[in-house]
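Engineer: Sequence:
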Amino acid sequence: MSIRQLDACCWELSNPGGEDDRQHFDSNARADAEVADLRKENPQSRASVALLPSRCWVVQCDGDCGQVIDEFDEGYICHHLTAAEAEKTARAWEWVLVPGPLGESVYCPEDRPEGAELPPPSPAEQEAAGQIPLPGVPSP
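Read in order, the letters of the sequence shown correspond to residues 1 to 140 in my numbering.
Think of the hints as simulated: they come from the structure by calculation, not from any bench. Quick caveat: nothing in here was measured; it's all calculated off a predicted structure. Only true hints are included.
Distance windows between CB atoms, simulated:
id : residue 1 : residue 2 : range
1  : Asn42     : Glu94     : 33 to 39 Å
2  : Arg4      : Pro109    : 16 to 22 Å
3  : Gln126    : Arg30     : 37 to 43 Å
4  : Val98     : Glu127    : 23 to 29 Å
5  : Pro113    : Ala8      : 28 to 34 Å
6  : Ala92     : Gln5      : 15 to 21 Å
Every residue gets a Cβ at the ideal spot worked out from N, C-alpha and C, and that includes glycine.
Using the sequences and the hints given, assemble the complete structure.
Structural biologist: What follows is the structure, encoded as structure tokens:
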């Protein structure tokens, strides 16, 4: 399955007011090195590192490219606290989620199988976009 939970908790770098407010790293050493670089650039930096209490979820393309969502566009991988948040990000980036016998496969726009379509928006997404009325609320 492409929306997967990582094997270990991430280290999160918090950089208040910085260009990348929060980044995730797979090791404390890598996160600490980033903090050191930030403090070289700006000695007043309030960057810090903390181990997250739970393992993050990420989205990875099942196609040939194997791209992890947002890795190339932003320079870091999007991490999510829940599988539902990861699925929401996949939909927002117009990645295709394809159900199959062994679970759901996920494809980036460049690597989606022929004939695969974007899934329809969920009822919650339609409701948020004002496309379906809320029960018990009169229409304008």
